[in-house]
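Respectively, the protein sequence lines represent chains V and B.
Positions 1 to 110 (my numbering) are the ones given, in order, by the first sequence.
Positions 1 to 113 (my numbering) are the ones given, in order, by the second sequence.
Read the hints as simulated data drawn from the structure, not as lab findings.
Glycine included, every Cβ here is placed at the ideal spot set by N, Cα and C.
No farther apart than 16 Å at their CA atoms in a straight line, the calculated lysine to aspartate or glutamate pairs in the EDC-like style are these:
{"no.": "1", "chain 1": "V", "residue 1": "Lys69", "chain 2": "B", "residue 2": "Asp99"}
{"no.": "2", "chain 1": "V", "residue 1": "Lys36", "chain 2": "B", "residue 2": "Asp106"}
{"no.": "3", "chain 1": "V", "residue 1": "Lys51", "chain 2": "B", "residue 2": "Asp99"}
{"no.": "4", "chain 1": "B", "residue 1": "Lys9", "chain 2": "B", "residue 2": "Glu75"}
{"no.": "5", "chain 1": "V", "residue 1": "Lys36", "chain 2": "B", "residue 2": "Asp1"}
What follows is a set of in silico ranges between Cβ atoms, one per label pair, in the way DEER data are often shown:
{"no.": "6", "chain 1": "B", "residue 1": "Glu53", "chain 2": "V", "residue 2": "Asp18", "range": "38 to 48 Å"}
{"no.": "7", "chain 1": "V", "residue 1": "Gly95", "chain 2": "B", "residue 2": "Leu39", "range": "22 to 32 Å"}
{"no.": "8", "chain 1": "B", "residue 1": "Asn77", "chain 2": "V", "residue 2": "Asn96", "range": "20 to 30 Å"}
{"no.": "9", "chain 1": "B", "residue 1": "Phe69", "chain 2": "V", "residue 2": "Gly40", "range": "26 to 36 Å"}
{"no.": "10", "chain 1": "B", "residue 1": "Gly52", "chain 2": "V", "residue 2": "Gln80", "range": "39 to 49 Å"}
{"no.": "11", "chain 1": "V", "residue 1": "Arg38", "chain 2": "B", "residue 2": "Ser27", "range": "19 to 29 Å"}
{"no.": "12", "chain 1": "V", "residue 1": "His12", "chain 2": "B", "residue 2": "Phe69", "range": "37 to 47 Å"}
{"no.": "13", "chain 1": "V", "residue 1": "Gly16", "chain 2": "B", "residue 2": "Glu53", "range": "45 to 55 Å"}
One-sided and incomplete, this derived list gives chain V residues near chain B with beta-carbon spacing under 10 Å:
{"no.": "14", "residue": "Phe45"}
{"no.": "15", "residue": "Tyr99"}
{"no.": "16", "residue": "Phe100"}
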Amino acid sequence: GQQVMQIPQYQHVQEGEDFTTYCNSSTTLSNIQWYKQRPGGHPVFLIQLVKSGEVKKQKRLTFQFGEAKKNSSLHITATQTTDVGTYFCALTNTGNQFYFGTGTSLTVIP
Amino acid sequence: DSGVTQTPKHLITATGQRVTLRCSPRSGDLSVYWYQQSLDQGLQFLIQYYNGEERAKGNILERFSAQQFPDLHSELNLSSLELGDSALYFCASSRQGGDQPQHFGDGTRLSIL
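Only chain B is shown next, with the shape it has when bound in the complex (with noise of 0.2 Å):
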């Protein structure tokens, strides 16, 4: 067990829809990292937050949002879905950020139909 929490662990739904992820990270990290994996892309950085602020950007699409709390859970948002967006999102934590290892949730397997 990592202590990355994800809910939910699977969402099917329709394109042209929008739905939020959710990640909790372990205790005490104060960073949180988006990535998308699916079979042709492989892992692709989304985004990170650091202690509720914007740390790093990576291939995130415009229709895509994320935050982080207060309380440093952090919430993604993926609006207009497309098939290609069927993908497994996992979140990460990290102590601080930058170079340190990252602990990974189990991921939000999302299907668009």
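Extracted from the complex, chain V is given alone in its bound form (with noise of 0.2 Å):
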């Protein structure tokens, strides 16, 4: 079946430190997305990547899809307190299915 993980599990940083989590698939991606849970919130949608070592930005934040569409990477550039929360990617395999990723919570240390 689907695997997805997301590495770290966990990560603590100061403030103004930067930040990156890693999703990896066991299978080939037709596309990528990223969430970010806020502590005792819901998942929002940040992004979608869908094309072979494609890189987004969203301010402090860039999104990378791997060349060969198996992994993808979340960094975000100097890290604030509103950075906290657990970032997840996702994925659709071909039977509609979505899985989720671990999950990376971050906690931002001011």
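Both chains are sitting in their own frames, so use the hints and assemble them into the complex.
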């Protein structure tokens, strides 16, 4: 079955440091989505990547899709306390089943 | 505000009971998804409906069932509840389905005593 590994599981950073989370799939993906869930909140869609090697930026956030379309990364430059939350990658398999990665919980220390 | 409405926000019940969770999707969205989020299992996809029809099924137990009505709202029915069913249940909706972004409701927190 589909496996979506996300690393690290937890990350503590000092405010101003950079942060990266990685998402790895056991199969080739047609696309990948990223979501953010604040503590006590619900997942919120951030972005979708479709093309091999695609890179998209949203202010301090940079999203990348691997050349083989089996992995993706989310990089945050100069973290702020507002970045706190759990970041999930998500994908759809050929059977239309939706899988969320295990998530990376980010804590930003002021 | 995502535009997705879930009721109730909290539900406390006992083992063996049955409950119904309700979801109203964003205006114009045809697809509804149900997820279970617990501390040790992460976010698990349960089932998806598109315009009233079941589109995809994930890790949904036989004790659970769902449906989407003609007005596009959806209900998730959980029966013969067990302690392990305690979790946060999210509903999400999207315009069509498949690879489109999903918009989540605030969830229903279910506690089984």
